[in-house]
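Asks: Residues per chain are reported as follows:
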Amino acid sequence: MGKFDNHGLNAVSPLGGSEPQVDAFAGLLIREVTDRALASLSARQGGEDAVKSAAASYLGGALPEPASWNANGEFAAWWMGPDLWMVSAPHDSHELLAAELKDAVGEAGSVVEQTDGWCRFDMEGGRCFDVLERLCNADIRAGKPGDATRTSMEHLGVFLLCHEAGQKYSIVGPRSSAGSLHHALVGAAQSAI
Amino acid sequence: MIINHPILGPRDSQEFTYLGDATLIDRPDWQAEDAADQFHDYLYLRDNPAGEHRELWFHEQGDRSWLVVTRNTVTHEILTVELARDVARTRGRSK
Chain A
1 MGKFDNHGLN AVSPLGGSEP QVDAFAGLLI REVTDRALAS LSARQGGEDA VKSAAASYLG
61 GALPEPASWN ANGEFAAWWM GPDLWMVSAP HDSHELLAAE LKDAVGEAGS VVEQTDGWCR
121 FDMEGGRCFD VLERLCNADI RAGKPGDATR TSMEHLGVFL LCHEAGQKYS IVGPRSSAGS
181 LHHALVGAAQ SAI
Chain B
1 MIINHPILGP RDSQEFTYLG DATLIDRPDW QAEDAADQFH DYLYLRDNPA GEHRELWFHE
61 QGDRSWLVVT RNTVTHEILT VELARDVART RGRSK
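Heads up: the protein sequence lines correspond to chains A and B, in order.
Position 35 of the first sequence, counted from 1, bears residue number 35 in the numbering used here, the numbering being contiguous throughout.
Position 80 of the second sequence, counted from 1, bears residue number 80 in the numbering used here, the numbering being contiguous throughout.
Excised from the complex, chain A in its bound form (with noise of 0.2 Å):
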């Protein structure tokens, strides 16, 4: 439970349902995550060991190597850009992910809250190469878990992830455009299975 419950208001998906929407194919499943809070880090001039010895010991680990993510415990991180990261813990108990962030980084780093600004759909299944390859210009079956991607799909700046090569994967994209999002994902599946 987090600390902001008491406001009687129903949360929806980004693509608007009450609960997280479920695509399922032969051999593919799109799934729509909800469940994990999302704060950027990045490091300031000068802060760049600072940032990351700080952020290790907060996350359990050390950050993720550019072009790459990794978890550790229940938190995760992915890299974006030069001193810069994604970290990403369950919704339900880091609600205020970015604040605590910012706590173990102080000054060294700057964070800003991102939750609310990005869709997650996770794609699982054996025909993830064959749908991946028509959405954008990764070079996916060359891919190995812990590849953390930024590339366009449906014209739109997604990061993508690798859980397991060919078999899971991540499609992190703007809220705001994730029905745009979901009918490139699930168009690709269509036309590949």
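Hints listed in this document are in silico derivations from the structure and should not be mistaken for laboratory results.
Note that the structure is predicted; figures quoted are calculated from it, not measured.
Check each hint, because a few of them may be wrong.
[Unchecked claim] For each label pair, taking beta carbons as the anchor points, the in silico distance ranges come out as:
| id | chain 1 | residue 1 | chain 2 | residue 2 | range |
| --- | --- | --- | --- | --- | --- |
| 1 | A | Ala11 | B | Asp86 | 42 to 50 Å |
| 2 | B | Leu45 | A | Asp92 | 22 to 30 Å |
| 3 | A | His163 | B | Leu45 | 50 to 58 Å |
Using N, Cα and C, we set each Cβ at its ideal position, and we do this for glycine too.
With chain A held as given, fit chain B onto it using these hints.
Replies: Frame of chain A; chain B shown alone:
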């Protein structure tokens, strides 16, 4: 055309957007005596070489980093790619 990103390796040029001449990094001192003249030159005077040219590119559909790309404008061959912030810092641009 492939741009060999210094961190991410070879990426398709469609992921990038082009800004212009890399001399834009060398912004004049606005407090100089002849600041108006310097800014006139900075804004309006560009070399237009047939050959090697240093340019600012932005990896918009990637890691959002600014790059200094050295490109041959005749052959479109990409010779070197550097992070613009590294170039700027070596020129004393960052505080």
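Asks: All the hints need checking, so say for each whether the structure fits it.
Replies: Taking the hints in turn, this is what the structure says about them:
1. Against the hinted window of 42 to 50 Å, the Cβ-Cβ separation of Ala11/A and Asp86/B comes to about 43 Å, which satisfies the hint.
2. For Leu45/B paired with Asp92/A, a C-beta distance near 59 Å fails the hint of 22 to 30 Å.
3. At roughly 52 Å, the beta-carbon separation of His163/A and Leu45/B lies within the given 50 to 58 Å, and the hint holds.
Of the numbered hints given earlier, the model fails hint 2 alone.
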